Amino acid sequence: MKLWTSLFWCFSIVSGVLAAQSSPDRWEKYEALARSGPVELDSSSFVELTQAPRDYYAVVLLTALDARFGCVMCREFDPEWDLMARSWNKGPKLDGLKVAFGTLDFNDGKAVFQKLMLQTAPVLLLFPPTIGPYAKLDAEPVRYDFTSPIGAEQLYAWIGRHLPEGPKPPLVRPFNYMRLISAITFLMGAITLFTVLSPYVLPIVQNRSLWAAVSLIAILLFTSGQMFNHIRKVPYVAGDGHGGISYFAGGFQNQFGMETQIIAAIYAVLSFATIALALKVPRMQDVNGQQLAVFIWGGVLFVTYSLLLSVFKTKNGGYPFYLPPF
Amino acid sequence: MAQSSLDVLLKGSSGRNTRGLLRIIILLTIAAAAVASRLFSVIRFESIIHEFDPWFNFRATKYLVQNGFYSFWDWFDDRTWHPLGRVTGGTLYPGLMVTSGVIYHILSFLTIPVDIRNVCVLLAPGFSGLTALAMYLLTREMSHSPSAGLLAAAFMGITPGYISRSVAGSYDNEAIAIFLLVFTFFLWIKAVKNGSIMWGALTALFYGYMVSAWGGYVFITNLIPLHVFVLLCMGRYSSRLYISYTTWYALGTLGSMQIPFVGFLPIRNSDHMSALGVFGLIQLVAFAEFVRAYLPGKQFQKLLTSMVFLTFGLGLTGLILLSVTGVIAPWSGRFYSLWDTGYAKIHIPIIASVSEHQPTAWPAFFFDLNFLIWLFPAGVFMCFQNLKDEHVFVIIYAVLSSYFAGVMVRLMLTLTPIVCVAAALALSTILDSFLVMYKPTPESQAKANADKTAKSFSSTKNPVVGIYSYLSKGIVTGSLTIYLLMFVAHCTWVTSNAYSSPSVVLASRLPDGSQHIIDDYREAYYWLRQNTEDNAKIMSWWDYGYQIGGMADRPTLVDNNTWNNTHIATVGKAMSSREEVSYPILRQHDVDYVLVVFGGLLGYSGDDLNKFLWMVRIAEGIWPDEVKERDFFTARGEYRVDDEATPTMKNSLMYKMSYYNYNSLFPAGQAVDRVRGVRLPAESPKLDTLEEAFTSENWIIRIFKVKDLDNFGRDHSNAVAFDKGLKRKRATKKKGPRVLRTE
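Listed in order, the protein sequences are those of chains C and E. Per my numbering, the very first residue in the first sequence carries number 1; after that it's consecutive. Per my numbering, the very first residue in the second sequence carries number 327; after that it's consecutive.
So here's chain C without its partners, still in its complex pose (with noise of 0.2 angstroms):
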């Protein structure tokens, strides 16, 4: 932390000195630029904005937008980010308080991750300014760490926390008009089609099997942990160390996402056959059919309730029951 800053605070020292434009120059080169959303930087760019003698605070958030480095958070953050910058630049000009927004990604300022020694993104730096009415005597910047996904509102409240008091610009969302006018379009799209198509679609509506269907897949998925999957974006499978695959994740707790496929249709082929031998085999006719059926129905439910627990006696080490095969 002390590194960095002082590294900083020499480069950025050599490099205001080394530049001939004076602070509100560039705050209007600045402002110029800054149409709406933040001003896309590079690593020269950066250090301009950034350097010594400054009249304004600059929040910059150093990311790594590129689908190469999979950064979700940057992704995730990235419209906030934008929205904040937006309402900001287009809010009413406040006397004497400015402030300067700037993304730089890291493609374009390697240079800059490199000085600051960043190792993760994104990281956002707010530089209070070093003249002017808010000049701070200790003027380092401030970072805010990302340790979980923040909304638009969170960070406006954290920068509004390192301003002056004072009146802001207020954070304005804006209101969606297009995707009112698509929710309307498709819900009056989808009453005309209800109404034209409803000779057809009444019988498939009111059909019992596919209901049926649908719940029982339902059902399913929830009871083999597919919620579970979804909250805590387990890996679909994990390789076993040796090059292979394991399917089933250690411990109680955990589990992946082929594993729950897994157990879903073990649960289903058990309830299938529980079905076929509740309700088909006692009205087949036939002698050594209904002798055969269930021959195959009672044998699959054994075979594949038997995997079941060997299954879960893999999950839970200490589990003390198993039938014949598995």
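What the hints contain is simulated information worked out from the structure, not anything from laboratory work. Predicted model, so just to flag it, every value in this text is computed and none were measured. Some hints here could point you the wrong way.
What the hints assert, rightly or not - When the alpha-carbon atoms are kept at most 30 angstroms apart in a straight line, the in silico DSBU-like pairs for lysine-lysine are as follows:
id, chain 1, residue 1, chain 2, residue 2
1, E, Lys519, E, Lys714
2, E, Lys954, C, Lys136
3, E, Lys976, E, Lys1033
4, C, Lys233, E, Lys765
5, C, Lys115, C, Lys93
6, E, Lys937, C, Lys233
7, C, Lys168, E, Lys954
8, C, Lys115, C, Lys29
9, E, Lys519, C, Lys98
10, C, Lys29, C, Lys136
11, C, Lys280, E, Lys1012
12, E, Lys799, E, Lys337
13, C, Lys110, E, Lys1033
14, C, Lys280, E, Lys799
15, E, Lys1050, E, Lys937
16, C, Lys98, C, Lys136
17, C, Lys90, C, Lys29
18, E, Lys954, C, Lys280
19, C, Lys115, E, Lys954
20, E, Lys954, E, Lys337
Add chain E to chain C, keeping to what the hints say.
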């Protein structure tokens, strides 16, 4: 001769009576088994209240029994949430306490001397017996076969999904709430079937009881309207439905509003709006049905269309207006987090921090329900067969509650009843056809063909014939018996191993196999009770608030009620800050003792250092500038407690209290934390403002006394340094390079 005498018993009206008697005996046996299987913890340990929340319920019950109902209703508790206090009477669900109070008074009226503690400990097993009976009644309504009801009762009695919350000593709201849930649903089905005001009113009565007992009543409040709504969509409106729903809604809402904690929520909160909406809808449908009887078809069509548009528009604008003006509150956070699963993590860390609110992995389903989990879909499928009103209810309940159980571990409890119903339906269908001696003959086949009726469902188009060979019957019943026996063994094993530990007392096995009991919690709480002043304020993390209140009988700063996030964050801040910051906080809140739970010596993983990040997070939510989660992680993003721990971590009060003097147990430099599996720094942390007051046998609980202000007005670090005989440091005699003064 024997044959004929048996015939007398099995046939005719005396046969009916014999079967009825058998059924009663079986049900009583099931209830007894349900009670007995929950007594592991009493036999192994003793008659003791478990976990955390039950300790509060127990304390409240004692207050109720000692001071009477009215003072319980107006109870302002100044021994929790110091210095705020809590309006306990108005912020709890009184059903549980009142129930056990009534039982206690009845028993003493019958001159049976019994301690209120034993009533509380055994309340949950007792009610589980009743739940099994209610389950029998509910399942009886679903199926013609009486065996389905008996099977469902047996499943409900011993399935671990329900035992997990109702072992002896687990004196929590769920103990009686599940019985009320099942019984209310039984009454509702009865009301819909008969269309009688009496059953509707009884439903409302038990619904009111449920509201007074558990916050989960919202499940009923939404499930019954959904059932009605689906029936209306299916075009199954009937006067039965109208009568039962309107009776239930009107009386039930009035009843629920009598509970102070619920108050006007039923007409102002979005959680309850679906019930109100369906109430309005059913009036409209009833009116339309009424008008249809008097108007010719064409005019009726016109009227209907205009009416639909009018009411839809009016209803929507009304709802939006009321929501915008704030008359109707938005969805409550806990309820909302069920639908938007990412919501709680971002907005309410205190909800996300509770382990019961985590999503459920598949092994938990199998662990809690065993083979019922795969009979469950089969049973739901059978409900589609002759889709009557009550079967629609089962299907809706099944789909919804399996979703809820997937999202939140704790809601497994609401899934369990319907799993038992559906599994019993499936299993009884099999057993009823495979467990009969009767063998079909060609004549009976022909007869069956003759009364073939047209059914809409494909799998049951053919008539039932029966099972021909004894071999088939033997195979199927034999394997099912094996599964059932394994189910019983599984339930016993799970109950005995996973759900019967009181968590106040920890049990472990010694190398020779004998049981060793670790009783640090009670040791420490009794130390507090006997060695501290009656109103010494104890600060601890909120998990232990109820236990300190119940066992040590001392005022606490925060407890498991978690109604005031800021106050909890204050405690979190005190725990996670430096001593210089924490000490003023402790003084301001009159704290006398600080209690921490430390598992490092024993390898007890549920200790405060493992919960520490939640304290930091919650404190950060209120003071983002003073407490930062990032500072507790090393540069590489690891959470460490050894030499490489961050300075913020090492200076935090929690770290210091946990490891204070810990290395004195080990040879120099050998101190090891067995939970986190790391070697600790050679030097013990130094505490200036606190002094160690008590450490339990296995170091699980450590209690520190907050020092008073120094007599000479020095700050504590100077005073400690002076006591140790260190020379006072002079500011001017600093070593190191000289610094140019800039100001």
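- [ ] Please work out if C/Lys115 and E/Lys954 have their alpha carbons no farther apart than 30 angstroms.
- [x] Within the cut-off at roughly 25 angstroms; holds.
- [ ] Could you grab the alpha-carbon distance between C/Lys110 and E/Lys1033 and see if it respects the 30 angstroms cut-off?
- [x] The given pair, whose Cα atoms are some 53 angstroms apart, is violated under the 30 angstroms limit.
TODO: Take the C-alpha atoms of C/Lys168 and E/Lys954, compute the straight-line distance between them, and say whether it is at most 30 angstroms.
DONE: The hint holds at about 25 angstroms.
Open item on the list: For E/Lys954 and E/Lys337, compute the direct alpha-carbon distance and say whether it is at most 30 angstroms.
Closed with: At roughly 78 angstroms apart (the allowed maximum being 30 angstroms), E/Lys337 and E/Lys954 break the hint.
Task: Hint consistency between C/Lys233 and E/Lys765 [alpha-carbon to alpha-carbon, up to 30 angstroms] - done: violated, 54 angstroms
Open item on the list: So if I understand the rule, the pair passes when the alpha-carbon distance is 30 angstroms or less; does C/Lys115 with C/Lys93 pass?
Closed with: violated, 34 angstroms
Open item on the list: Tell me if the straight-line CA distance from E/Lys519 to E/Lys714 falls inside 30 angstroms.
Closed with: Holds, at about 10 angstroms.
Open item on the list: So if I understand the rule, the pair passes when the alpha-carbon distance is 30 angstroms or less; does E/Lys954 with C/Lys280 pass?
Closed with: violated, 63 angstroms
- [ ] Decide if the proposed pair is consistent with the structure: E/Lys937 and C/Lys233, CA atoms, cutoff 30 angstroms inclusive.
- [x] holds, 23 angstroms
Open item on the list: Given the hinted pair C/Lys280 and E/Lys799, is their Cα-Cα distance within 30 angstroms?
Closed with: holds, 15 angstroms
Open item on the list: Check whether the Cα positions of C/Lys29 and C/Lys136 lie no farther apart than 30 angstroms.
Closed with: holds, 23 angstroms
Task: Satisfaction of hint between C/Lys29 and C/Lys90, Cα-Cα up to 30 angstroms - done: holds, 17 angstroms
Checked against the numbered hints listed earlier, the structure breaks hints 4, 5, 9, 11, 13, 15, 18, 20; every other hint is satisfied.
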